[in-house]
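Chemist: The primary structure of each chain is shown beneath.
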Amino acid sequence: MNSKNLFEKVWDDHTVGELANGQTQLFIGRHLIHEVTSPQAFGMLREKGLPIRYPERTFATVDHIVPTDEVSEPYSDILADAMIKELRKNCTESGITFFDIDSGKQGIVHVVGPEQGLTQPGMTIACGDSHTSTHGAFGAVAFGVGTSQVRDLLATQTMAMNTLKVRRINVNGDLGTGIYAKDVILHIIRLLGVNGGTGFAYEYGGSVFNEFSIEERMTACNMSIEGGARVGYVNPDLKTFAYLKGRPYSPSDDKWDEQVSVWSSYSSDEGCSYDDVVTIEGSEIAPTVTWGINPGQAVSIGENIPHPDQVAKHEKAGVIEALEHMKLTAGAPIQGTKVDVAFIGSCTNGRLSDLEEVASRLPGHKVKEGLKAIVVPGSQLVSKLAMEKGLDKVFIDAGFEWRAAGCSMCLAMNPDKLVGDQLCASSSNRNFKGRQGSPTGRTMLMSPVMVAAAAITGEVCDARTVFG
Amino acid sequence: MSLPKIAQVVGRAIPVLGDDIDTDRIIPARFMKCLTFDGLGEYLFYDTRFDEDGSEKSHNLNLPCFRDASIMVSGANFGCGSSREHAPQSLYRAGFRAIVAGNFADIFFGNATSLGMPCASTSRENLEKLSSALETDPNLEVVVDVENLQVRYGSELMPCEITPGARDSLLNGSWGPLEELLTATNGIEKTASSLPYA
Ligand code: SF4
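Taken in order, these protein sequences are the chains called A and B.
Note that our numbering has the first sequence beginning at 1, numbered continuously upward.
Note that our numbering has the second sequence beginning at 1001, numbered continuously upward.
Worth flagging that the hints you see were computed from the coordinates, not collected in a lab.
Keep in mind that the hints are not guaranteed to be accurate.
[Said to hold, decoys possible] Footprint (simulated), chain B over chain A, 3 or more residues, beta carbon under 8 Å:
{"no.": "1", "region": "15-29"}
{"no.": "2", "region": "120-133"}
{"no.": "3", "region": "344-350"}
{"no.": "4", "region": "373-387"}
{"no.": "5", "region": "394-407"}
{"no.": "6", "region": "448-460"}
[To be verified] Sample of chain A residues with no beta-carbon within 12 Å of chain B, all distances over it, derived:
{"no.": "7", "residue": "Ser38"}
{"no.": "8", "residue": "Ile65"}
{"no.": "9", "residue": "Glu70"}
{"no.": "10", "residue": "Ser72"}
{"no.": "11", "residue": "Gly176"}
{"no.": "12", "residue": "Gly193"}
{"no.": "13", "residue": "Pro251"}
{"no.": "14", "residue": "Cys272"}
{"no.": "15", "residue": "Val278"}
{"no.": "16", "residue": "Thr279"}
{"no.": "17", "residue": "His314"}
{"no.": "18", "residue": "Gln436"}
All of these numbers come straight from a predicted model, not from anything done at the bench.
Yeah, the Cβ is synthetic: ideal placement off N, Cα and C, and Gly gets one too.
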């Protein structure tokens, strides 16, 4: 029998044909768009007089630039206001479903797709955003694309792609207590490097991923791109199907069983081959935080910040540059690094389970005086469900600001920005120079619970000690 | 297909060294509040080139001797991070027509190729050699030869790599795939209707 992995099955089923240059013309079943990377694409189509081919396969929301503390339009930022209006106009004109600010469904595109049931096993999904890999948590093959591809997708629902190799990453055994999906993916990136995944799709498996909830799988798949892998996925299982049951765009009850058996058929076959296999022991993963200016520059909480003399020759310049930007001392313990801002949110860790996990630990604790701490739910639905459980009050009582849904300080295209060289403990996914809105601002990535511990003590610390 | 064939790019080059130069660095997010890509050239590497008060920092892009460069020379994993096409667009609009680096992040590579901007990979040693030659003589004429997979300057010739599909599409003028994608009308319908979901 010809056994295949999930990536190959999905790729083959969506292949339209081969292009003259040898690339594949790949059909994309679901296309998600947002305000930052789509207006130029609509503009190009207008210029060429091309219509939108399958408007029913594209879904839109606003996330990157929406203010989280101002609820009514027009927004004080006129450029942001213009971008939202442009998306609204483009969607209305072309008949694309738009989860607008007043829909109750708006939020970060990678939070909204899954929670609306738009993300399903065996699909191809694309979005003009690199964290589209998130949707792989459902066993979909999901690509982040550029604006020219957004244009191609609007016009043809297909794009030109090179196939990817597949690396299976097994995380075996059990995780220790207080170790989260965020620690697992930061550990993987640290191990394989920020460009270790170039040309690969990552298939995650092993007992740790089997045990993970769907939201935890999303956290891990989300950051595949930070390891250079354009696609990350987990084979669908009963948890995947249970998550999807009853969602607005999930199959209806009468089609359910049939659809589940189709979904199941997309799992990687027993004994299929991979281009590479990596095995990691789950028990060796500790709470992990970044110290540098890319997500691979990370250490576990008990370790020291690296010294430029201890790294490979070609890494030395990078370490020196990172230490300079981060204003950290080579060889010093990472614990005790002073923190100015704490951010809980983003498409990596802005889901209900993230907020619940943190909130369950907060009673009896207060954010350190003078420290700014904000919680930004990933979507309006996450916000609503959290408020129904009273989580907003728990956060506010502890000294956090409770904000409206959006990307917020993950990339600071809205007013939520670092000031000067503030250091932010952040549950987001990128610690690049200037990422959080100030060119000299500093970001340390970690799990939401670790961010909360840093907010309480005012320094990077082991959450397991703070919360007992 | 009406796109120009790109067999080589000839011009002056500028070294912008370092590994893992991410797209946030190439174009900071705050400059992405735009409805077209037109003005992006101005903000290329903005925070690396300018202080918060707008005064120039020391950076090769600020040096008059590199002002006419159309080829950028950098390190490994160039263009990692965000999928923003704003990054290659800002390079293109600042006058760049080719990038030579250690290797490229996948999405950046695809985005740049679809603008007709070749991304050529070569070894660390080659990059260091080319950069120091440029530091000595910024007027060096550099050739990025897509057809023969070479980077040439002075009497030097170094091999480079460009993914075969990308190279083909540059050579035969099909680097913007839209026209070709549009012709597959029947194939698209057929694939769409064969899928187990709508
Ligand atoms: S939360 Fe951050 S990473 Fe995610 S889509 Fe928004 S800006 Fe991008």
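Chemist: For each hint given before, does the structure comply? Return the numbers of the non-compliant ones in rising order.
Modeler: 3, 4, 5, 6, 7, 8, 12, 13, 17 and 18
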